[in-house]
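We have chain P already, so just place chain C on it with the hints.
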Amino acid sequence: MSKEALAARTAALKEAMTRENVEILVLFGNNWHADHLRYATDFGIQEGQGIALVREDGSITLILDDPAECERARCETVCETIFAPALVQEAKRQLSRAGNHNIAAAPYHLLPYGLLHGEKDLRVADGAKIVEHLLMTKMEVEIAAVRKAAALADQGYAIFRQAARPGRKDYELVAEMESFFRAHGVPENFMIVGVGGQEVRGMAPPGGKILKKGDMVTTELTPCFDGYYAQICRTLVVGEPSEAQRQAFAVYLEAMEAGIATVRAGVTAADVAKAENDVFRKYGLGEYVTSEYTRVRGHGMGLFPDQKPAILEDVKITLQAGMTLIVHPNTYHPAVGYLVLGDSLVVREGGHELLCGTKRELFSVPLQ
Amino acid sequence: MRRGLMAWDPAEVPASALADRLARLRAELAREGVDVFVAYTNIARGGSVWWLTGFTPYWNEGLLYAPAQGEMVFATALSKRVAEWISSVMPAGEVTTTPRPSAFIGEHIARDGAKRIGVLELDDFPAGHAQAILAASPGVELVDVTQAFARVRGEADAVERLLLTKADALAQAACGAVDVASLHARDFIAPAESVARLGGAEECFTLVACDLSASGAFVRTDSMGPLGDTYAARVSLAYKGAWTRHVRSFARDAGVQQSFDAAHAVLMDFAQQPGEALGAAVLRAFASSGEVVNWVAEQPRGSYPLAPVANMAQSAAGLSTAAPFVLDVELKIQGRRWIGARMIGL
Numbered sequence: 000m001s002k003e004a005l006a007a008r009t010a011a012l013k014e015a016m017t018r019e020n021v022e023i024l025v026l027f028g029n030n031w032h033a034d035h036l037r038y039a040t041d042f043g044i045q046e047g048q049g050i051a052l053v054r055e056d057g058s059i060t061l062i063l064d065d066p067a068e069c070e071r072a073r074c075e076t077v078c079e080t081i082f083a084p085a086l087v088q089e090a091k092r093q094l095s096r097a098g099n100h101n102i103a104a105a106p107y108h109l110l111p112y113g114l115l116h117g118e119k120d121l122r123v124a125d126g127a128k129i130v131e132h133l134l135m136t137k138m139e140v141e142i143a144a145v146r147k148a149a150a151l152a153d154q155g156y157a158i159f160r161q162a163a164r165p166g167r168k169d170y171e172l173v174a175e176m177e178s179f180f181r182a183h184g185v186p187e188n189f190m191i192v193g194v195g196g197q198e199v200r201g202m203a204p205p206g207g208k209i210l211k212k213g214d215m216v217t218t219e220l221t222p223c224f225d226g227y228y229a230q231i232c233r234t235l236v237v238g239e240p241s242e243a244q245r246q247a248f249a250v251y252l253e254a255m256e257a258g259i260a261t262v263r264a265g266v267t268a269a270d271v272a273k274a275e276n277d278v279f280r281k282y283g284l285g286e287y288v289t290s291e292y293t294r295v296r297g298h299g300m301g302l303f304p305d306q307k308p309a310i311l312e313d314v315k316i317t318l319q320a321g322m323t324l325i326v327h328p329n330t331y332h333p334a335v336g337y338l339v340l341g342d343s344l345v346v347r348e349g350g351h352e353l354l355c356g357t358k359r360e361l362f363s364v365p366l367q
Numbered sequence: 000m001r002r003g004l005m006a007w008d009p010a011e012v013p014a015s016a017l018a019d020r021l022a023r024l025r026a027e028l029a030r031e032g033v034d035v036f037v038a039y040t041n042i043a044r045g046g047s048v049w050w051l052t053g054f055t056p057y058w059n060e061g062l063l064y065a066p067a068q069g070e071m072v073f074a075t076a077l078s079k080r081v082a083e084w085i086s087s088v089m090p091a092g093e094v095t096t097t098p099r100p101s102a103f104i105g106e107h108i109a110r111d112g113a114k115r116i117g118v119l120e121l122d123d124f125p126a127g128h129a130q131a132i133l134a135a136s137p138g139v140e141l142v143d144v145t146q147a148f149a150r151v152r153g154e155a156d157a158v159e160r161l162l163l164t165k166a167d168a169l170a171q172a173a174c175g176a177v178d179v180a181s182l183h184a185r186d187f188i189a190p191a192e193s194v195a196r197l198g199g200a201e202e203c204f205t206l207v208a209c210d211l212s213a214s215g216a217f218v219r220t221d222s223m224g225p226l227g228d229t230y231a232a233r234v235s236l237a238y239k240g241a242w243t244r245h246v247r248s249f250a251r252d253a254g255v256q257q258s259f260d261a262a263h264a265v266l267m268d269f270a271q272q273p274g275e276a277l278g279a280a281v282l283r284a285f286a287s288s289g290e291v292v293n294w295v296a297e298q299p300r301g302s303y304p305l306a307p308v309a310n311m312a313q314s315a316a317g318l319s320t321a322a323p324f325v326l327d328v329e330l331k332i333q334g335r336r337w338i339g340a341r342m343i344g345l
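Quick mapping for you: the protein sequence lines, in order, are chains P and C. Each residue of the first sequence is one higher than the one before, starting from 0 at the first, in numbering that gives the first Met the number 0. Each residue of the second sequence is one higher than the one before, starting from 0 at the first, in numbering that gives the first Met the number 0.
Hints are computed from structural coordinates only; laboratory data are not their basis. Quick reminder that beta carbons are idealized off the backbone N, C-alpha and C, glycines included. Be a bit skeptical, because a hint or two may be false.
Only pairs whose alpha carbons sit at most 25 Å apart, straight line, appear in this in silico DMTMM-like list of lysine to aspartate or glutamate [said to hold, decoys possible]:
hint	chain 1	residue 1	chain 2	residue 2
1	P	K147	C	D221
2	C	K331	C	D228
3	P	K2	C	D221
4	P	K13	P	D125
5	C	K79	P	E286
6	P	K119	P	E55
7	P	K119	C	E140
8	C	K165	C	E11
9	P	K13	P	E3
10	P	K273	P	E253
11	P	K119	C	D122
12	P	K208	C	E11
13	P	K2	C	D210
14	C	K331	P	E286
15	P	K168	C	E11
16	C	K79	P	E70
17	P	K208	P	E360
18	C	K79	P	D305
19	P	K168	C	E83
20	P	K2	P	E75
21	P	K147	P	E348
22	C	K165	P	E175
23	P	K147	C	D186
24	P	K128	P	E14
25	P	K119	C	D143
26	P	K168	C	D8
Computed far set for chain C versus chain P, every beta-carbon distance over 10 Å [as the list claims (entries may be wrong)]:
hint	residue
27	A10
28	S15
29	R23
30	G112
31	V139
32	G153
33	G175
34	V179
35	S258
36	V292
37	S314
38	A322
39	I332
40	R336
One chain only, chain P, in its complex shape:
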């Protein structure tokens, strides 16, 4: 990302640290939870683990336990980078050298045990208050990156539709997606799929299923740009959709549009989920919006593809301008199986800015 964008993030981090009276912020990350580390350093960690020490003067030290990743970080980041096979010990050494400071860390529950315990236990507070809000509520420079990621998601779904043909295996579709994304500069993409009919209860990594006539093929694509993820969820049918599939899709479309129409600064995540779920309840499908059949009705996205707030009827987090979300009423339908539909958007004061441009339809791909 641009130097200006990183500088804006660093300034926001410093301001939050000052507000919470924190002198050193310890940020931990790996390829699963890369978001905290990336926010401060702009390094997208791929292998091993890393710890960033952010000081109140804005200087940052990135410690990595993989030598090749360390070499890459020296090319891709501007902060001081240290290779330390014993990551935790090096971080402790650096913190001890800094003296008796007010230290906070995030994500707190994932912090290495050895960092907090040992001969001399470090007193480290939970840094969630400093970081979580920054990760959820984006600046315009960050939203611009999410917008680009959403455009890549749209382009990616067009490739997916071209790739989905009878006789192809599910992982072959992934191969086409990933090749497309690498050629377009996307280093990471969260993607799961579902292939089949009424027996399909969710999406997962591909298992080698062969696409055949009548199958519904579901996917969520989640490419990133400058580390920021955006997602699109769509369903297609191999051949012409059946009447049952069309009728089921109409419910999901109505639910998604009801959810999206609710999104604006000041409403809660629960309000959005309720709007989606009320549509299902209206059609006698209330059972299928429970945790038995669905995980969430959408979620936040940013430097982590599945961040807070979860869109659920019991999540009372208030949406704020600058949050980026996907609204997706994905769930099992008793007549046709698991069906997905979802668009990414930005929460704005009076409503929202839609980021995905792919048509909201149950796509059909030719049999030949």
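Frame of chain P; chain C shown alone:
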């Protein structure tokens, strides 16, 4: 984020092979006076739990609990529906879905009456999980069993060798599929990703050193630029959880490419002679190719699927001779940087 083929084929990974690994680990832990075993896993640290269960999370995290006897338990906060899928691709262990996996494991430990809990990589174990285990099983002692695990893990069985052989073939094919006519690194590397995943790679990291005259650092697609006169592709991939790497260097000049290909051929034929130290073998093998600038050997280490265990500056004491390893070599050939890597000892 795993998104390639994830499936269990009993012909490739028989449950009996996993049972044998667990038995060997239990015997080693018993010698250490440890009652039970706990390991943490996520997509970056899947190596140990995969070795015991055949499964790597495609997302999120989990904890594996191996009691002194009986079935292992894999606890994860993923949904019940995902747990059903995990059960279908995980040959060993029971899957439990719970919002508090570590508390669930702690309660199990308390019920089993275990006192000394062997934790893999205790220093790196997530503190939140450690605290939840301790809270749910008061009076237990957490013991680091990283060395004990390494002693058992250091021996690759026939099942692992077969998977690594397939992974190695895929990585070679992927590196061979790069578009050498491309001017930009992204176009150069994209076909490698396609070949790897079409061949069934569960995960694939495709990186490029865009201009070897400037740097030997391999970068991801978001940092890639135009290719220089010499450049290299690095493919790291997992086939059914077994990881390997392959690196090839390329040159625009046909003569330079010939010397690069010759060095790669040496790497492909590399073998240690009986009793020969790895460092000595590298120097001998590449003596006529160019000057050896550095070499690194990588093997699975704890929860990491591949990690450096030896290099030119250190002894190879950390290298297990009972398992294949990835050998990464950097040469200077007529003043030009050349990098190659492949799996050795299959």
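Verification of the supplied hints:
| no. | hint | verdict |
| --- | --- | --- |
| 1 | K147/P <-> D221/C | holds (13 Å) |
| 2 | K331/C <-> D228/C | holds (15 Å) |
| 3 | K2/P <-> D221/C | holds (15 Å) |
| 4 | K13/P <-> D125/P | holds (16 Å) |
| 5 | K79/C <-> E286/P | holds (16 Å) |
| 6 | K119/P <-> E55/P | holds (24 Å) |
| 7 | K119/P <-> E140/C | holds (18 Å) |
| 8 | K165/C <-> E11/C | holds (11 Å) |
| 9 | K13/P <-> E3/P | holds (15 Å) |
| 10 | K273/P <-> E253/P | holds (13 Å) |
| 11 | K119/P <-> D122/C | holds (14 Å) |
| 12 | K208/P <-> E11/C | holds (18 Å) |
| 13 | K2/P <-> D210/C | holds (23 Å) |
| 14 | K331/C <-> E286/P | violated (66 Å) |
| 15 | K168/P <-> E11/C | holds (20 Å) |
| 16 | K79/C <-> E70/P | violated (40 Å) |
| 17 | K208/P <-> E360/P | holds (24 Å) |
| 18 | K79/C <-> D305/P | holds (18 Å) |
| 19 | K168/P <-> E83/C | holds (21 Å) |
| 20 | K2/P <-> E75/P | holds (11 Å) |
| 21 | K147/P <-> E348/P | holds (21 Å) |
| 22 | K165/C <-> E175/P | holds (21 Å) |
| 23 | K147/P <-> D186/C | holds (20 Å) |
| 24 | K128/P <-> E14/P | holds (12 Å) |
| 25 | K119/P <-> D143/C | holds (18 Å) |
| 26 | K168/P <-> D8/C | holds (16 Å) |
| 27 | A10 | holds (14 Å) |
| 28 | S15 | holds (23 Å) |
| 29 | R23 | holds (26 Å) |
| 30 | G112 | holds (23 Å) |
| 31 | V139 | holds (14 Å) |
| 32 | G153 | holds (18 Å) |
| 33 | G175 | holds (15 Å) |
| 34 | V179 | holds (15 Å) |
| 35 | S258 | holds (24 Å) |
| 36 | V292 | holds (13 Å) |
| 37 | S314 | holds (15 Å) |
| 38 | A322 | holds (19 Å) |
| 39 | I332 | holds (20 Å) |
| 40 | R336 | holds (13 Å) |
Consistency note: the structure conflicts with the earlier hints numbered 14, 16.
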